[in-house]
Structures are given as structure tokens and as C-alpha cells.
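Modelling step: build the complete structure from the supplied sequences, incorporating the hints.
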Amino acid sequence: MIRLDQVSFSYTDEQVSRPAVQDLSFTLEAGQMVVLLGPNGSGKSTLAWLIKGRLLPGKGKVIVDGLNTLDKNQRRQVQNLVGLVGPVPDHQFISNLVADDVAFGPQNLGLERAEINRRVDAALKMVSMEDYAQYPPYLLSGGQKQRVCLAGVLAMQPRYLILDEATSMLDPAGRQQVLEILAKLRQERKIGILLITQNLEEALLADRVAIMHQGRIAIDLPFRELAASPDLLKEYGMEEPPLLHMASLLKKHGLLPNHCFPDSLDQVVKALC
Amino acid sequence: MLMELQSVSYTYQPGTVFAKSALHDISLQIQENEFLVITGQEGSGKSTLLLVMAGLIKPDQGQVLYRGQPLPGKGIHPHLGLVFQHPEQQMFELTVGQEVAFGLENRGVTGKQLHSAVAGALAAMGLDPGRYQNRRIRELSTGEKRRVAIASILAMQPRVLLMDEPLAGLDFSGCRQLLDNLQQLRRSQSTTIIMVTHHIEPVYPFCTRVVQLKEGKINGIIRSEQSEPAENLEEMTLPVHVQLLHHLQKIKPELPASTSTAEEAAAVIAEHWEIGEAGSH
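Protein sequence lines, in the order shown, are assigned to chains V and Z. Residue 204 in numbering that gives the first Met the number 0 sits at position 205 of the first sequence, with consecutive numbering throughout. Residue 105 in numbering that gives the first Met the number 0 sits at position 106 of the second sequence, with consecutive numbering throughout.
Please keep in mind that the hints were generated in silico from the structure rather than gathered at the bench. One or more of the hints may lead you astray.
Derived lysine to aspartate or glutamate pairs resembling EDC-like cross-links, with alpha carbons at most 20 angstroms apart [said to hold, decoys possible]:
(1) V:LYS269 - Z:GLU270
(2) V:LYS58 - V:ASP4
(3) V:LYS233 - Z:GLU262
Structure, rendered in C-alpha cells:
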């Protein structure tokens with residue numbers, strides 16, 4: 000389990016201290032998926048880096064499977080347990096070929112060549128990029144690059160996975176596919192997932208949805224409860240997901256019953272016809 | 000007509016094992032002051048098309064005309080401004096004012112002219128020059144940085160602004176702010192906007208047309224206010240309200256294929272749907 004106990008963190012720049020995370024407590028269990036929303040600058044990426052052990056809390060502590068990131072030796076183990084995929088894929092490539100890039104992490108775990116190859120093949124297959132193994136990353140599109148970055152982290156077989164805006168360049172079908180991969184990882188490997196996004200629709204499969212606001216977790220609720228409260232979403236600068244927004248508008252015109260919270264467009268069409 | 004693509008094709012790394020046809024026989028006309036959105040699945044050729052329009056990639060076949068003239072063989076046409084993906088990661092100056100001034104200084108602009116162009120570009124992106132000019136870039140939020148990066152292109156006073164995924168990673172208010180600023184820019188300076196994006200929902204009410212690419216070809220085009228049925232379009236990259244209209248048009252052909260907003264779609268559906276009809280079949 001990942002546990003943050005009253006964690007605070009400030010960025011210090013020429014003696015000016017800017018608090019990014021304040022007195023924050025949060026848990027993520029193995030096999031759970033939590034979606035983290037919040038406006039730009041609310042502290043979401045800082046939270047991700049604190050969990051990964053790249054930033055250390057100024058106050059409080061971050062514990063991952065009993066390991067404290069403040070302890071140098073334990074921090075190394077935490078960094079292996081937690082996989083983090085960032086928003087800008089071009090920052091994450093270090094090799095000239097997709098397969099070599101995905102292999103880089105497992106190589107540094109000191110694994111046998113055959114095991115590395117097996118992991119690379121499996122990871123690329125999982126993100127549907129197996130046909131591009133011998134491609135240079137710079138020839139890929141933005142969305143394809145994001146998939147390769149995800150494969151690189153999957154090949155490390157982390158116990159926890161943090162995706163920080165890592166689906167922002169994917170098309171809707173691609174995003175759906177990544178969500179299906181995440182659901183599979185949760186079920187089959189009991190991986191704990193923290194999905195940082197601006198897209199509330201990605202929260203459909205989550206156990207909980209948390210909203211960060213000014214360095215704190217302002218809301219931590221199951222998706223259904225949050226989606227049924229458009230006013231609460233607006234209060235924190237969020238927009239209702241498009242499908243639910245459409246349903247709300249049709250309800251206002253008396254075309255859909257008030258209890259209807261559709262999961263798909265087909266459900267809306269069926270309810271109308 | 001402002002811009003015309005005539006049977007444009009482009010292949011990356013031709014003659015090698017990596018050869019990949021990115022664009023195939025694309026013809027498209029763009030009018031002055033349009034807000035054109037280019038969408039489509041990953042790897043469908045959107046970014047390549049934008050680079051071809053900017054003149055940074057020379058097509059293997061066909062040509063791009065700007066006001067009836069072929070684009071220059073070298074460099075970027077001075078009327079065109081290109082905003083790459085994640086432009087906020089490509090800034091290198093210390094302060095906002097220095098960053099926005101960089102391009103103009105390289106064109107030899109100085110003094111009052113430089114100052115007023117920088118202030119004007121910041122204001123066009125909704126950033127108060129008095130408050131922002133001396134601020135350090137690293138202190139800004141992602142949304143603010145993105146707008147500073149776009150302001151640094153606007154300072155060059157382009158007639159056409161070409162943007163690659165400018166909404167990726169922006170929160171709702173950041174998206175809204177940027178789109179409002181772009182709309183204002185179209186109104187006040189008649190700037191033409193061409194945007195590649197997957198974020199179709201927020202941009203749809205602002206755009207004039209959506210061009211959907213598939214495997215390097217134009218799959219279909221839809222106007223944001225279109226009554227006749229839209230052919231061929233893949234639904235996934237269209238806004239939910241347009242997808243819904245598409246489904247309902249099969250039942251009630253008198254419904255339009257598209258409206259600008261979900262609110263308009265709901266109103267037009269209500270108008271054509273008898274109350275009580277819902278759930279009665």
C-alpha cells in the first residue's frame with residue numbers, strides 16, 4: 000500500500016518558498032485504481048514525484064509497502080516498485096530504437112537477456128506497438144510515443160503505476176485501449192494505479208476519484224457520487240464528462256428520466272427511442 | 000482563398016525499411032479567418048499535414064499555395080506562425096517578456112516597436128503585460144506557460160496560426176481561456192487558425208470545420224453547423240452531441256448532422272421529439 004501521512008512539500012527558489020503540497024494524506028492499495036484530477040498547478044505532479052521518491056517530503060512521510068522514501072536505501076526500492084509515466088514522451092526516450100528504449104529499464108535491473116526480450120515483447124504487445132519494435136521513436140506520432148513510454152515502464156513490472164497526463168496525446172480509441180490495459184493490470188497483477196488526468200471520463204473504471212486543489216486533496220469519492228454532482232465539479236474548475244453533460248441537457252428538456260446516468264451513447268439513444 | 004493544398008503526398012524515409020506513407024493525395028482549401036480543426040486517430044498524418052501547411056516539410060508530390068503562390072522552398076513564410084506540441088517545454092529565456100521578444104529581436108525589431116508588439120501579444124493571450132512581462136517563466140502554471148509560448152509566436156504577427164495539440168494537458172479553465180483568446184484573435188485581427196487536436200469537445204463550438212484524417216487521407220469533413228448528413232466520418236473523434244445527432248438522424252432525417260454546441264443539439268432534438276415519445280416505443 001502507498002500511504003502519505005500529512006505530507007507537505009514546497010519548491011524553494013531564491014529564498015522564496017512556494018508550497019505545492021500541504022498537509023496531504025492519501026492511500027492507494029495494491030489492485031486499486033484512483034483517478035486524480037485537479038487544475039494545472041494544483042500539485043498533482045508533485046504528488047506523483049513524492050510517491051516515486053524523486054521529491055522528498057518537507058513534513059510528513061511517504062510509505063510504499065512499508066518502505067519510507069526518506070531513507071536512502073529504502074528509497075531505491077520504492078523507485079523500483081513505483082513506475083511513473085510522464086506527459087511529454089520526447090523527454091523519456093534514450094535509445095534510437097523502440098525495442099532498445101523499452102529494454103533500458105529491465106537491463107538496469109540486471110535481468111538475463113532472454114527475460115529482457117520476453118518483457119520487451121510482452122510490453123510492446125500490450126500497448127499494440129509490437130510492429131514498431133525496430134522503429135526509431137522520432138518517426139512515431141505523439142500518441143504512439145506515449146504508448147512506447149508506457150511499455151517502457153510496464154517492462155519494469157512495477158507494483159504501482161502512476162500515469163501523469165500520460166494519455167493526453169492519445170485519440171479517444173487509444174485512451175480507451177490504455178484504460179483497458181490498466182483494468183487488466185489491476186485484475187491480473189494486482190497493480191495499484193494512480194491516473195492523473197484532465198479527462199473525467201477516464202474515471203469510469205476507477206475505485207475512487209480524488210480532486211486536488213491548492214496542494215490538498217479536496218475531494219475523494221467514488222466516481223458515481225462525483226459524476227452525479229455537477230455543481231461540485233464546477234466548484235473545483237472541472238467540467239461534467241461530455242456524455243453526462245448531454246444526458247443532463249436532455250433531462251432538462253424532459254427527454255430523459257432524471258435517474259438516467261448513461262455509460263454509453265447507445266444507452267442514450269435507447270432511452271430516447 | 001487563403002491556402003490551398005493540391006494533391007499533397009508525403010512519405011517519411013522513402014526507400015528505407017522505415018518508409019511510411021504519411022499523407023496521400025490530400026487536397027484542401029482554407030478560407031481567410033477560418034478556424035479549421037484537423038483530427039483523426041494516432042498516426043493518421045495530422046502533425047505531418049500541419050508541417051506541410053507550415054512549409055517545414057516539402058511534399059513529395061503536389062504543392063501548397065498561400066494566396067495563390069507556392070510556399071517558399073526554404074524556411075517559414077512570414078505570414079505563418081507554427082506552435083509545436085508542448086511548446087512550454089521549448090522556452091529558454093528567464094522572463095516572460097524576454098521569451099516573447101526573442102523572435103522579433105531576431106528580426107531586428109527594437110525599442111518602442113518591440114515593446115508594444117510584446118505587450119500586444121501577451122494581451123492577446125489574456126496575459127496582462129504589466130503583471131506578466133517581468134515574471135519568471137518557471138513560476139508560471141502549465142496553462143500560463145502555454146499561453147506565453149503562443150504569445151511569442153503571435154508577437155511575430157502571423158496571419159495564420161498553425162497549432163499542434165495546444166489543448167493537451169490543459170485543465171478546463173486553461174482550455175476555455177485559450178479558446179476564448181483565439182476566438183478574440185480571429186475577431187479582432189482576422190487571424191486564420193488551423194489546429195490539430197484530439198480534444199474535439201472543447202474546440203468544436205469555436206471551429207468552422209473539422210477535417211478528419213485516416214491513414215494519411217481525408218476521411219471526411221464536417222462543418223460545425225451542418226444540416227445534411229455527414230458521410231464517412233468515424234464517430235470516435237467527433238463530439239458526443241454530434242455522434243448523438245448522427246444516430247438520431249437515422250430515425251428523424253430532418254434533424255441536422257451537427258450543431259455547434261451540446262445545448263443547441265439538445266434544443267433541436269427536443270423540438271423534433273414529441274414529449275412523451277422518449278421511452279414510449
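Checked hints:
Note on V:LYS269 and Z:GLU270: the hinted pairing holds, with a Cα-Cα distance of about 18 angstroms set against a maximum of 20 angstroms. Taking the CA atoms of V:LYS58 and V:ASP4, the gap is near 9 angstroms; set against the 20 angstroms cutoff, the hint holds. Proposed proximity of V:LYS233 and Z:GLU262 is supported: the alpha carbons are some 17 angstroms apart, at most 20 angstroms.
In terms of the numbered hints stated before, the structure departs from none.
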